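Undergrad: Using the hints, position chain B against chain A.
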Amino acid sequence: MTPALVMQVALGGLLMGLIYALVAAGLSLIFGLMDVVNFAHGELLMLAMYATFFIHRGFGLDPIVQLPIIALLLFGMGVVIYHGLIARALSVRFNRGMVQIFSTFGLAIFLRGAAQFAFGGDFRAINHSWLAGRTLRLATLSLPLPQLAAGLVCLLAFAALMAISRTEFGRALEATREDREAVALIGIDRDRIFALGWGLGCATVGCAGAMLAGFYYVSPDVGANFALIAYVTVALGGFGSLLGALVAGLIIGEVEALTALFLEPSLKQVGMFAIYLAVLLFRPRGLFGTL
Amino acid sequence: MIGLSRPVFAAFLAGAWLLLGSAAFAAEDIVIGAVFPLTGNGSQVGLDAKAAIETEAEIINGHHDIPMLLGQGGGLPALGGAHVRLIFADSQNDPQKARAEAERLITQDHVVAIIGSYTSATAVTISQVAERYQIPYMSSDNSSPSLSQRGLQWFFRTSPQDEMFTQAMFDFFKEIGTKTGRPVHSVALIYEDSIFGSDSSRVQKKDAEAAGIKVAADIRYRANSPSLSTEVERLRAADADVLMPSSYTSDAILLLRAMQEIGYHPKALLAQDAGFVQEGFFQAVGSLAEGVMSRSAFALDATRSRPAITPVNALFHARSGKDLNDLTSRELTALQVLADAINRAGTATNEALRKALIATDIKGADTIMPWRGVHFDASGQNTEATPVIQQVIGGHYRTIFPDDVATSEPVWNVGK
Chain A
1 MTPALVMQVA LGGLLMGLIY ALVAAGLSLI FGLMDVVNFA HGELLMLAMY ATFFIHRGFG
61 LDPIVQLPII ALLLFGMGVV IYHGLIARAL SVRFNRGMVQ IFSTFGLAIF LRGAAQFAFG
121 GDFRAINHSW LAGRTLRLAT LSLPLPQLAA GLVCLLAFAA LMAISRTEFG RALEATREDR
181 EAVALIGIDR DRIFALGWGL GCATVGCAGA MLAGFYYVSP DVGANFALIA YVTVALGGFG
241 SLLGALVAGL IIGEVEALTA LFLEPSLKQV GMFAIYLAVL LFRPRGLFGT L
Chain B
1 MIGLSRPVFA AFLAGAWLLL GSAAFAAEDI VIGAVFPLTG NGSQVGLDAK AAIETEAEII
61 NGHHDIPMLL GQGGGLPALG GAHVRLIFAD SQNDPQKARA EAERLITQDH VVAIIGSYTS
121 ATAVTISQVA ERYQIPYMSS DNSSPSLSQR GLQWFFRTSP QDEMFTQAMF DFFKEIGTKT
181 GRPVHSVALI YEDSIFGSDS SRVQKKDAEA AGIKVAADIR YRANSPSLST EVERLRAADA
241 DVLMPSSYTS DAILLLRAMQ EIGYHPKALL AQDAGFVQEG FFQAVGSLAE GVMSRSAFAL
301 DATRSRPAIT PVNALFHARS GKDLNDLTSR ELTALQVLAD AINRAGTATN EALRKALIAT
361 DIKGADTIMP WRGVHFDASG QNTEATPVIQ QVIGGHYRTI FPDDVATSEP VWNVGK
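The listed protein sequences correspond, in order, to chains A and B.
With this note's numbering as the guide, the letters of the first sequence map in order to residues 1 to 291.
With this note's numbering as the guide, the letters of the second sequence map in order to residues 1 to 416.
So here's chain A without its partners, still in its complex pose (with noise of 0.2 Å):
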């Protein structure tokens, strides 16, 4: 085992930490903005996945085109599911909790099933983009480009997210996550702020999805895969905090690379369960996590 080898998979885990960090933010904010916690936030990556390879494949425009229309896309997508779904999950008297948390998961199936349904099961991928298949080459480290650009695209969209939450609408969203009810004695409309909240969440994943479609094979399944340990990132960062997603995605990478380097690969997810398990134990609000 080679100090090349291990500094090599030290920064695949970083590059993988980024991106699920990025998948996480969105859940984070919507989870810390009104206590719901979306169990189709996978399936919401995979349609955003399926949108940047249809529009690839339709127009030919690169993937790295495409974040601003996805998330617009996606920003679409979470004020219509906001609307016709949350809304009126948020306003049931009885059992809120389960409700959201029934109405989301069925969300998840019916999204994973209409995948199916309109797009098949087969497995695709972007074959032929800007940076596919490009790597840059320091010494002995190799960076594939893809992923070294959903790297950085993850922290300008954390840069984003941190400077909304220093505008109006930013401390309006604050304010409505404080006390939900006293905010509409200040004139705040608290459904306008939660569909945005929603909009906001889902564009971040939209982000994701974009550009891990650049690299990544594209299936109904897909979000399956990132949406586990998203749910774990954002317990481990804490509940609400973007700065604790950033931090807990960054962490999980690593695990999960060095588990893999230095123990057994098969065990990978179980560095990454056993650290949110500790978390669990002697800080259960998570890192960073304030609730």
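Here are the simulated distance ranges between beta carbons:
#1 B:D404 with A:P68: 58 to 68 Å
#2 B:L152 with A:P68: 57 to 67 Å
#3 B:H185 with A:N127: 31 to 41 Å
Simulated pairs of lysine to any residue, SDA-like, Cα-Cα distance not exceeding 20 Å:
#4 B:K97 with A:G113
#5 B:K50 with A:F119
#6 B:K322 with A:A118
#7 B:K50 with A:A118
#8 B:K205 with B:D171
#9 B:K174 with B:D207
#10 B:K322 with A:F119
#11 B:K214 with A:M1
A few chain B residues facing chain A, derived, Cβ under 7 Å:
#12 N41
#13 P226
#14 T230
If you're looking for bench data, these hints aren't it; they were derived computationally from the structure.
If you're wondering where the values come from, they're calculated on a predicted model, not measured in any experiment.
Built from N, CA and C at the ideal position, the CB exists for glycine as well.
TA: Coordinates of chain B only, in the frame set by chain A:
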């Protein structure tokens, strides 16, 4: 019945029996169940399997006059032209759901046999249910050797299993080493962590040892992981002559892409089939697949010795838009073998069917497969299923081993 004279009553009974009997006889379809993953991960394989088995049913029931066993059509001759009717069930690639679906097919749909099931993990549970209800389980495409080593009485596998497949791989290494003077000194194994990968690698390790070939890396990875880049780094560090993966489609795609990303190009790659022969794999990796070798139970290019391939493939293509591959050809053949046994039994009762299956003796030329034939041993394994080795040359799999069915010369970079 008072007032009815005895002869009249007897005649009435006889008439009723004849009427009912003949009516039932003409209409009686042979109902066969099939369990495959029709949704979820692996669904495309299941949908292709459905098209393949339906194609064979169409050949048996219809009138296509294809030069193979039961290819003349018109139903099963020994059962008065009875048609084969299929009922498909969705395992969702989950052993527990597969178990429940198999049970439903047997108890509610009264199927006479079950064909399945792509993944070996689901075959474990389906075959257990079939054993309990004493109906045959026809394993069309499960390749784990352990499946036929459990002492089951109702398990029949037409396809080669991984021991036979792996033996063919090492026979190929030996032959090409002698032929080119550049033998294989080391192999690297990478395999997914379910029964398919574990069984496959176990046999590969045993055969490598017997052949005096070093196993330079032995990597068991988690199926459907988001990334395989660490695993590929370890493979590159091992730098073996031949990389031997056992993976399903999604992982096969990730593996080849991760290899390209870090610039690792193994001298040779010989896959244990599965993901590496899927249409989706070729679409997703494009030209990266060039030079990849795989074992196979089927040779689409062997049309000279198996004239039925062309018309059968045309029927399948009309249904699915695809050519027959290693899996679909075996699924189709499993129904052919089962239907032949039902026909020879002359009935679909379970004991008679089992006896007929045990007595199966089909010549390879009567099927579309490049095998010597179909003949089951005491464990239910077809001992005549002789595999081939193929290589992607010019974007398509060409048969390169054994010599008698080979259509192309292998591209062999080991030792260069």
